[in-house]
Amino acid sequence: MAEPAAAADNYLTHTRGFLSWALTLDHKRIAILYTVGIFGSFLLGGIFALLIRAELATPGPTIMGFPEKTASSAPPASGEAGASEPAPAVGESLPAPLATARGKDLYNHLFTLHGAVMIFLVIIPGIPAVLGNFVLPLMLGAKDVAFPRLNLASFYLWLFGAVFFIVTLHAGGLDTGWTFYTPYSTASDTAVVTAVTGAFILGFSSIFTGINFIVTIHKLRPPGMTWFKMPLFLWGLYATAIIQVLATPVLGITLLLLAAERTMGLGIFDPKYGGDPVLFQHFFWFYSHPAVYIMILPGMGIISEVVAVFSRKHIFGYRFIAFSSVAIALWGFLVWGHHMFVSGMSPLAAMVFSALTFSVSIPSAIKVFNWLATMYKGSIGLATPMCYALAFIFLFGIGGLTGLFLGTLSVDVHVTDTYFVVAHFHYVMFGGTMVAFLAGLHYWWPKITGRMFSDRWGQAACLIVFVGFNLTFFPQFILGSRGMPRRYYDYSRLLDLHPEFAHLHLMSTVGAFLMGVGLVIVLAYLLHSLWRGRPAPANPWGGATLEWRCASPPPYDNFSSPPPVGDPYDYSDFEYAGAERGFVRRAEAASP
Amino acid sequence: MTDAHEKTPAAGAPSDGHPPFLAHHFDSPRHQFDAGKLGMWVFIVTEVLFFGGLFCAYAVYRAIHPEIFVYAHQFLDKTLGALNTAVLIASSLSIAWAVRCAQCNQRRGLVACLAMTLILATVFLGVKYVEYKQKWEHGLLWASRFKAAELPVATEHAVAAPPGHDAPSPANPPRNVGIFFSIYFVMTGLHGIHVIAGMGVIAWVLVLAVKGRFSSQYYNPVDFTALYWHLVDLIWIYLFPLLYLIH
Numbered sequence: 001m002a003e004p005a006a007a008a009d010n011y012l013t014h015t016r017g018f019l020s021w022a023l024t025l026d027h028k029r030i031a032i033l034y035t036v037g038i039f040g041s042f043l044l045g046g047i048f049a050l051l052i053r054a055e056l057a058t059p060g061p062t063i064m065g066f067p068e069k070t071a072s073s074a075p076p077a078s079g080e081a082g083a084s085e086p087a088p089a090v091g092e093s094l095p096a097p098l099a100t101a102r103g104k105d106l107y108n109h110l111f112t113l114h115g116a117v118m119i120f121l122v123i124i125p126g127i128p129a130v131l132g133n134f135v136l137p138l139m140l141g142a143k144d145v146a147f148p149r150l151n152l153a154s155f156y157l158w159l160f161g162a163v164f165f166i167v168t169l170h171a172g173g174l175d176t177g178w179t180f181y182t183p184y185s186t187a188s189d190t191a192v193v194t195a196v197t198g199a200f201i202l203g204f205s206s207i208f209t210g211i212n213f214i215v216t217i218h219k220l221r222p223p224g225m226t227w228f229k230m231p232l233f234l235w236g237l238y239a240t241a242i243i244q245v246l247a248t249p250v251l252g253i254t255l256l257l258l259a260a261e262r263t264m265g266l267g268i269f270d271p272k273y274g275g276d277p278v279l280f281q282h283f284f285w286f287y288s289h290p291a292v293y294i295m296i297l298p299g300m301g302i303i304s305e306v307v308a309v310f311s312r313k314h315i316f317g318y319r320f321i322a323f324s325s326v327a328i329a330l331w332g333f334l335v336w337g338h339h340m341f342v343s344g345m346s347p348l349a350a351m352v353f354s355a356l357t358f359s360v361s362i363p364s365a366i367k368v369f370n371w372l373a374t375m376y377k378g379s380i381g382l383a384t385p386m387c388y389a390l391a392f393i394f395l396f397g398i399g400g401l402t403g404l405f406l407g408t409l410s411v412d413v414h415v416t417d418t419y420f421v422v423a424h425f426h427y428v429m430f431g432g433t434m435v436a437f438l439a440g441l442h443y444w445w446p447k448i449t450g451r452m453f454s455d456r457w458g459q460a461a462c463l464i465v466f467v468g469f470n471l472t473f474f475p476q477f478i479l480g481s482r483g484m485p486r487r488y489y490d491y492s493r494l495l496d497l498h499p500e501f502a503h504l505h506l507m508s509t510v511g512a513f514l515m516g517v518g519l520v521i522v523l524a525y526l527l528h529s530l531w532r533g534r535p536a537p538a539n540p541w542g543g544a545t546l547e548w549r550c551a552s553p554p555p556y557d558n559f560s561s562p563p564p565v566g567d568p569y570d571y572s573d574f575e576y577a578g579a580e581r582g583f584v585r586r587a588e589a590a591s592p
Numbered sequence: 593m594t595d596a597h598e599k600t601p602a603a604g605a606p607s608d609g610h611p612p613f614l615a616h617h618f619d620s621p622r623h624q625f626d627a628g629k630l631g632m633w634v635f636i637v638t639e640v641l642f643f644g645g646l647f648c649a650y651a652v653y654r655a656i657h658p659e660i661f662v663y664a665h666q667f668l669d670k671t672l673g674a675l676n677t678a679v680l681i682a683s684s685l686s687i688a689w690a691v692r693c694a695q696c697n698q699r700r701g702l703v704a705c706l707a708m709t710l711i712l713a714t715v716f717l718g719v720k721y722v723e724y725k726q727k728w729e730h731g732l733l734w735a736s737r738f739k740a741a742e743l744p745v746a747t748e749h750a751v752a753a754p755p756g757h758d759a760p761s762p763a764n765p766p767r768n769v770g771i772f773f774s775i776y777f778v779m780t781g782l783h784g785i786h787v788i789a790g791m792g793v794i795a796w797v798l799v800l801a802v803k804g805r806f807s808s809q810y811y812n813p814v815d816f817t818a819l820y821w822h823l824v825d826l827i828w829i830y831l832f833p834l835l836y837l838i839h
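Chains as they are written, first to last, in my numbering: chain A, 1 to 592; chain B, 593 to 839.
One chain only, chain B, in its complex shape (with noise of 0.2 angstroms):
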């Protein structure tokens, strides 16, 4: 996983008794943001199983159907897949700045650093909204809208087909090419919805940050919300290779 950032020791209470930010059932601040950590791995562990019925659902379909999987693969764009994954690391890369910039007290670099995460999401989301556009318009939908008459001419050279199927190609797919785009969808879909939700909560902790409610003393929020943000680049990081690289 993605825990790479070092918290810095946190300091016990201060000796003028609770701190604001200090709920009246923990003991010191550090308790406090431990448990708040734990609670979002937790979380984080209910994420992985959520987004693991779909790649359950991808093996099921891929051991049954590699056919379908290697010949429709050739219609997602890998360029634009690459881009939107350099994004993604970065975006995982100014957070974790973020993260840094509160513990050693600079609003400012905090601010900038939440900023930049949030314009990489949002590039994020207009590369894929590209991509839809034009999975929209050649007809790539999921299957029961997916219209196989209008395949466009596949970029590639024919892969080599399974034993005992011929090889796919434009003028002979494969049955029920749409599972495959069923499954992209649902897939790449739901990892947006994280995005966009990842992007509010970003939004809200900048709020904060703007405000200066944080210190080296308390940035719970922007720890997690970091945590959270990498959960969401890691699962790109393997939806890419399972949709765009099939070989």
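Bound-form chain A, shown alone (with noise of 0.2 angstroms):
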């Protein structure tokens, strides 16, 4: 990294050299470390997602699985993802126009591995990874975190799990949805074992992250600093790393028992030996369902700083705030049932697990009322991480609400593995965690680099995204509620009775690809910064959290004293130096 005026020892000079990152001990150096890897997983997951978008555009075979005689004298056309899968059987013979074996295997692996990749290498581990370990200690005010060794380790987990997904794309694939439902995870003949010991190292990676933030948190917060006085982001990865640390492990033993039926026969999910396919829904769920709290709890912990930051106002209801993000935590773990009300439940289950995801709505509800009351009347600056959290407002809440459809009995039969249920987890995963995610970065960029991003350029992607998302998903609601199954490779059959389908594909698929331009747009002009952003004030935006008391970037180890424990989010004796360009405190400025 380019650091010309690099006069100040900070964390990115304090010493030079591969191994100086490889064997980092400093949560900074750590979080850069992840910074790497998931980017460049979700640059994966988003090719993935752009093929297959690309192959929606229209009805029938677009750019993958034209019929045998095109495809043996165009091989390459459809090879380029990497998914080598073995020849179909020629012999097979389908109506003309329609799909080859081919064509279906590499669909099916392609929204199987971009599941996969975007969810277990990319959400999960994205906000708490690399924003959580750069700004946790800093926001405590403490050097490090609790077990800085566990935290590397955790890294090398995590890059370890990382392999075993390529090895998968070269071991034959995966094509059984990124879920690994039994029985067909078991008579699938793709990567099933691979995949899966990917996932399982993935999960200790995440449950020893968790167990790092949750001692943290308890033991190395500086003297004045109460639960109450905690910056809501640390509560939102309080409740993130309790849900880490009670869910994962029963998905180590779910994928676990999932490759000794593979390997050994084992027989606990197959019918044949007693055993119950359902079984592995339940065990699955009872993680799958509270990991989407892991992803969107850090997301939401993100959104209270810059909505009170950016409003600069004190945030509205702290305490309603903090406590919503436990009881999501904990609630989350009561309705994972609501993801197998088709797949064979009794109604008085059905009507529990029905009733209890509507409760587990009204702490969600409370945070977004709590933003709205915190920038009401407040003055609202419109820089990037605010448009973000803006966007996230927006998008969650259509993401949530049409949860509510999903956990209405009648109508989530109606619209089970539809497009619906498609837009409306990309609407939480990515309108909700991805971007405030983003939201995150942007915020903490300056800090992390040392760097100023030009604002304008950040409005402009913000807005390109925001578009593109919308353009991409909201047709899938129509979509779904019409009946188009989600999984699909060849919908030419469903046109006779839906027309529609035709251009509402097609502009899901322009969204994508604006969605995708955008995002370049966001990497283009933040790796510019690096090189060529203005030197970041310690304060850009006028944050009271503890991370900005220290320099841009921090040094080496944070701070050479525990900082003054004040309110985090006072903002009254705040003022803009302009020849800083950032925030001083008037006490500050005026008695030195």
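Everything labelled a hint here was simulated from the structure, so no lab data went into it.
All values reported here derive from a predicted model rather than from experimental measurement.
Every residue gets a Cβ at the ideal spot worked out from N, C-alpha and C, and that includes glycine.
Honestly, I wouldn't trust all of these hints.
Said to hold, decoys possible - Here are some of the chain A residues that sit facing chain B, going by a computed Cβ distance under 8 angstroms:
hint	residue
1	211
2	214
3	249
4	259
5	265
6	266
7	380
As the list claims (entries may be wrong) - With a straight-line Cα cutoff of 30 angstroms, these simulated DSS-like cross-link-like pairs (lysine-lysine) come out:
hint	chain 1	residue 1	chain 2	residue 2
8	B	803	A	272
9	A	272	B	720
10	A	272	B	739
Starting from the two chains in their separate frames, assemble the complex, guided by the hints.
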């Protein structure tokens, strides 16, 4: 990284050389390592997504799986995704313009790996491992997380798990969907065991991060920072860590049983031996529903910080936001059954799960209303982080409300396995988590890199991403509610009844590429800022949390002595210092 | 839980500044000890949930197929199971004693107790090997490898059948007996892996103890390893009655 004005010693310049990064125990450098890895994974998952959308641009085969005659004359057309699958049986006679087995297989591999990479490698570790790792000790005025070696071990476990996913790509791919449902996952001839091993290892990475954060927040708060003087991002990370620690081991044992089922024929999920495949779904969702909150809770924490700072107003309802994080974390364990309403469940159990699902929306709504109340009569500045925060509130609102549709039994039966579900969880996961991640990334970028990015480009890219996102996924609500099933590679036969599906899918594809353009712009101006951005002041946005009290980028051991702790949302004594192009505290500007 | 050993009140940092074992982000050895201990407890919570999935599977299948469990448990060797229970409880005692020795600066006692724990863990694995070997020879394996034709004659009297079922007997075994052995092998096998992992950690702590790294000021690894070992012991204490002592 180019550091022309590296006069001051900071964590980036403190030591040099490859090993000083590869073996670092510094939470800030580990966060940078995660950033690089997770960005790479996001790029991979994003390419898969664009290939999927490109394929769905037209009803029949578009870019993959032309009928055999064409495929044999131009074989590389579908090989670019790297998923090498065995050649299909040529003897199959399918109607001429429709899908070939090869195209279907490739499509199944693509949506499976898109889901698995995005969930296990990007969204679950994303905010805690990148922004949490960097910011958590700084917000506590601490020198590091409680267990720095464990932190590095988490990163290498993440890397190791990611390697298994890459190997999966080359060892036959994966076509089970990211959920690995039995019995298909025990029968599929793709590299299920490799992928499952990768997910198992990633689970341990996640558990270790969670343990580290819980202990750090308990034991390394500075004198004077009581639980209710903690920034809300830390409440979000704490609630996330609780879920990571309580839910992830169940995923571990589930995947272990699945691997044993495949390799030695254990029989626990196999009805032939008295086992029960639905038990797999219960186990899987016992983790994977709480995992949804692993994804969204730290994002909500970021939004709480950003909304208050850019409204220049004390956060409204601090305790409600803090407790609603914990409430979501605990309540989230009781609702997994809503993924299984059509899997075979007693009506009583379904009703209980439906009612619990409705009630888990209460704490989420509490947060949204408190953010809106914070903005009310605030002096709102629309810098890039705030643009993403506003996008979050809008998109998460839609994602959350459509979750209630799906929690309603009668509606759920109608839209199960349709694009309605796809649209819903993308509104929550991309519109929620990834947008919050972008908000946080822009908010802390000056602190992390010591450079300011171009706010104008940031706002423009945010708008492009926002428009592209809605263009991609809003049509999918309409598609799903009219009966378009998910995971279809070829929907030409549905057009007799629903000719509008072709237009809606095309809109969705155009939106996806627009969103891709927006994200490339984000990457471009962020990279540009590393070399050409103006040096960042210590406190560019006027935040009152402790991380803004150290220099940008922070020195190697953060704080020489614990900084003074105050109300993290009291902005009354800040003023903008034009010379530094950042905020300073009036009291401190006057005293020295 | 078995967190029974007392801690001597740890003294603050020595007056000459940072002791070598104190990491830079902690205020005092006591602070470091408390953080490590909390971390170990949280890790134990994750382990409990890890096994919790299996206990849940056990509960589901036992509720659905009680006759399989009542019938199949007779083929487990209660004597060897009881012996292993005693061995593990003794190893828990010896490692708790090791913590006490570390707190009292008794290096030889610490080394002896850790070595004793390792020996007892080896005995446990040896007994487990004998049990697995017997199962293997009789074809009493997990579901897909289970050979119903080779069922040995059960040593016990016929057990009471649940209402609506014929009394299960070697001549009339219930269907899908193999699922019991699937659960048996997964639960005891995973427990065995934890024993082996624990032995690795204990061996590492033993090496450090021989080198004289521990004192009443710093014995964190001994204490945390003991905590983990008690968990391994505790899980077995649940496994033994649930698998061997069914009525």
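Next item on the list: Report holds or violated for the interface hint on residue 266 of chain A, using the least CB-CB distance to chain B and a cut-off of 8 angstroms.
Entry: It holds, given that the least Cβ distance between residue 266 of chain A and chain B is near 5 angstroms, below 8 angstroms.
Item checked: Pair hint outcome, residue 272 of chain A versus residue 739 of chain B [Cα-Cα no greater than 30 angstroms] -> 14 angstroms, holds
Next item on the list: Using Cβ atoms only, decide whether residue 265 of chain A comes closer than 8 angstroms to chain B, and label the hint accordingly.
Entry: Nearest chain B Cβ about 3 angstroms off; hint holds.
Check: Quick one, is the residue 211 of chain A hint okay against chain B at 8 angstroms, beta carbons?
Finding: 5 angstroms, holds
Note to self: Given the hinted pair residue 803 of chain B and residue 272 of chain A, is their Cα-Cα distance within 30 angstroms?
What the structure shows: Outside the cut-off at roughly 56 angstroms; violated.
Notebook entry, point to check: Do the numbers back the hint for residue 380 of chain A, that is, is its least Cβ distance to chain B under 8 angstroms?
Noted result: Violated, about 37 angstroms.
Next item on the list: Identify whether the interface hint at residue 259 of chain A stands, where standing means a beta carbon of chain B within less than 8 angstroms of its own.
Entry: 11 angstroms, violated
Check: Between residue 272 of chain A and residue 720 of chain B, is the straight-line Cα distance small enough, at 30 angstroms or below?
Finding: 29 angstroms, holds
Margin query: Using the nearest Cβ pair, does residue 249 of chain A come within less than 8 angstroms of chain B?
Written below: 4 angstroms, holds
Check: Can residue 214 of chain A be said to touch chain B, with a Cβ gap under 8 angstroms?
Finding: Constraint on residue 214 of chain A satisfied, holds at 6 angstroms.
Hint violations for this structure: numbers 4, 7, 8, all remaining hints satisfied.
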